[in-house]
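K.L.:
Chain residues, written in single-letter form:
2 protein chains.
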Amino acid sequence: MKTIPGGVTAPLGFRAAGIYCGIKKKKQLDLALLVSEKEGPIAGVFTTNRVVAAPVILDRLHLKKGIGRAILVNSGNANACTGPEGMRAAKDMAQLVATALQSAPHTIFIGSTGVIGQPLPIAYIKKALPTLLTRVTRRGGREAAQAIMTTDLKPKQVAVRTRLGGEMVTVGGMAKGSGMIHPNMATMLAYLTTDAAISRRALQMALRQAVEQSFNCITVDGDTSTNDTVLCLANGMAGNETLKPGSADFTHFCTMLETVCRTLALKICWDGEGVTKVVRIQVKGAKTPQSARQIAQTIATSNLVKTALFGGDANWGRVMAALGRAGVAIDPTRVSLQFGDVAMVRQGQGLGAVAERRLAKVFQERDFTILVDLGLGKAEAHMWTTDLSYEYVRINASYRS
Amino acid sequence: MKTIPGGVTAPLGFRAAGIYCGIKKKKQLDLALLVSEKEGPIAGVFTTNRVVAAPVILDRLHLKKGIGRAILVNSGNANACTGPEGMRAAKDMAQLVATALQSAPHTIFIGSTGVIGQPLPIAYIKKALPTLLTRVTRRGGREAAQAIMTTDLKPKQVAVRTRLGGEMVTVGGMAKGSGMIHPNMATMLAYLTTDAAISRRALQMALRQAVEQSFNCITVDGDTSTNDTVLCLANGMAGNETLKPGSADFTHFCTMLETVCRTLALKICWDGEGVTKVVRIQVKGAKTPQSARQIAQTIATSNLVKTALFGGDANWGRVMAALGRAGVAIDPTRVSLQFGDVAMVRQGQGLGAVAERRLAKVFQERDFTILVDLGLGKAEAHMWTTDLSYEYVRINASYRS
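Line by line, the protein sequences are chains A and B. With the working numbering applied, the first sequence covers 1 to 401. With the working numbering applied, the second sequence covers 1 to 401.
The shape of chain A in the complex, shown without the other chains (with noise of 0.2 Å):
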């Protein structure tokens, strides 16, 4: 498998453009479309949220039928509490779409990003529609990948291409989400393009094991915002021999979209709102993965764990109150912390000035993982935080202004 430039358009038969269409305040890309030259099978994962988005409970509702042609996406409003009218506009945008490319609505998906609870205001994206329709190119994987940034710093997208049941497959993606990330993750969005041939039931199979690898790893089910999406589109045009679960070429594309899907979750987290810093929490000797996970979640989220990392300040008790805290029945005596390759507490006892010292060290670089063992068993997860700077704070507190 083969990194390659490009993102969502880099698979065969794949066109994309953005621009701008008047919702976003400022003049930049805030409507971006992706269209496939043939239809085919596509996947979904959606948020866990009970609030949801307009635009979700349509692309549900189309996933239904499991069959895609062209994605439109607005950021800068996420259609979201606005109620029947919110449930309108997003049917529109799919409605437009689809009379101009003679698909069925079904096969249109759309997403939105941004502001919650202002009506989305569909007459600029209909006006925009007929020229963003006209732009879409073999090239526009770039545009579009910025058309549906909000906070993002930089467009994010990644290809990768290997030879698959005889011919050349290509995987692409771009996301958004500017690292929030769990519990209060601001809307992420994915999109996944491929031509390799595959039915729908082993795509939807493998974007769900995908996503547990990756943006679940960064976002944690059930703690989504109201508009979180992952899409796959497969269009077949590869030409490849349909990919069967259980073959290996079909575990050969799994790894090909969780790594597509994992290299996007980290540009998530490093493009991440003020991030300096970008660290794996990796659990073991848990009883269960669901302790495990849990565990990593709590060190992963805990506001004084992040500050400490952005601070370099190698204060490894605040990991020791976080793992405490995560309810899960721990024995404290038992447990190791690690810090890159520093052992700093062995059975539960911190190991002392010189341990430290070089502790400091670790928490001066841009990455690293911090390895919690917990001497119960077998079971194991991790997660990837982030720090917590002076610039989340000042993004984050003036979002709408």
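Simulated from the structure, these hints should not be mistaken for lab results. Watch out, some of these pointers could steer you wrong.
Identical copies go unnamed one by one, so any copy, or any two together, can satisfy a pair.
What the hints assert, rightly or not - Below are the BS3-like pairs computed for lysine-lysine, each with C-alpha atoms no more than 30 Å apart in a straight line:
hint, residue 1, residue 2
1, Lys25, Lys361
2, Lys64, Lys284
3, Lys126, Lys25
4, Lys361, Lys27
Put chain B on the given structure of chain A with help from the hints.
P.N.:
For chain B alone, kept in the frame of chain A given last:
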């Protein structure tokens, strides 16, 4: 019930002092002693963290006998994750005071707050104790409140008085805790004193109730530091008829205790690290108190809500997103939101630009209530939260340096 000046030394028979013994790097008071003329029943509520500091382990042990005479508290070092050596240091702290006061060691309670995982320099405490003992006075409450501070900006104390069981009864208290508040609260310590005559069982019952409605509404059960402690010592010197559960006087006493606890809890909020706002989250219309609490807690701990409060950004959508991801089954189309006196969401839908303009003014206030009505049942819960500011990050990024 009247609020009177003073804190832990306001009730009859209590003396206190604070001293600098050398634990803190800066020359600031770091050792507090509180002594009652007579021993009496003592009640306690402790952290639910699984990683528990040595002083908490010792206090829990001493609490089994339920008799208190004095409390010795150091700041600057948490004596947590310090292993058997830390446990010895904790016992030494109690033993030193017990010897000096000629009391049984189990009547001496101790507390520690500060950095986790560093050996407690018990020699400093031993050396300073004789001087500290000579300095305890009836007016020393404020000095003691100062000596238990870590990142606190102000000492926190309060006292209330009323006639109960035929005599004037006073309840006093001091606390430290510099409102990172839930979910990553730094250690919260609160020490309450009263001259009321009351049984140990009744005192424990009253304390548990009071903490539930006050400190637990800023910290939430299960999300505590390694050292959190609330103790209440009653020496009976008011000479009132012993307060009995079920009596009107006991109810009055409970109200006094709750008032002291709530006042201290709100002082902790206001003294929070970089806090400029304290906001009450009131959830009603829930099916169960647990679900109401879970939603209040999720909103109260949302970094996006907290930064919006800091920025005065009337971003009510973040409240909707937070309540949707609380893990509680809700019906978004029944949700109402009110901020101060401004209704902003009805049936899950924003009420438009006029309401938003009024809302912007509410967000400029230093304290207000966010009222969430789920429209599902009759249960309710409340929590206080604070904003998340630059100062929070600054203080916590460099706590140890």
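K.L.:
It remains to establish, for every hint, whether it holds in the given structure.
P.N.:
Outcome of the hint check:
1. In this homomeric assembly, Lys25 and Lys361 come within 30 Å of each other (Cα to Cα) only across copies, at 22 Å, whereas the closest approach inside a single copy is 43 Å.
2. Taking the shortest Cα distances, Lys64 and Lys284 never come within 30 Å of each other, neither inside one copy (38 Å) nor across copies (36 Å).
3. In the homo-oligomer, the alpha carbons of Lys126 and Lys25 lie at most 30 Å apart inside one protomer (18 Å), although the nearest pairing across protomers, at 65 Å, exceeds that limit.
4. When the C-alpha separation of Lys361 and Lys27 is checked against a cutoff of 30 Å, the pair qualifies only between copies, where the shortest distance is 28 Å, while the shortest distance within a copy is 43 Å.
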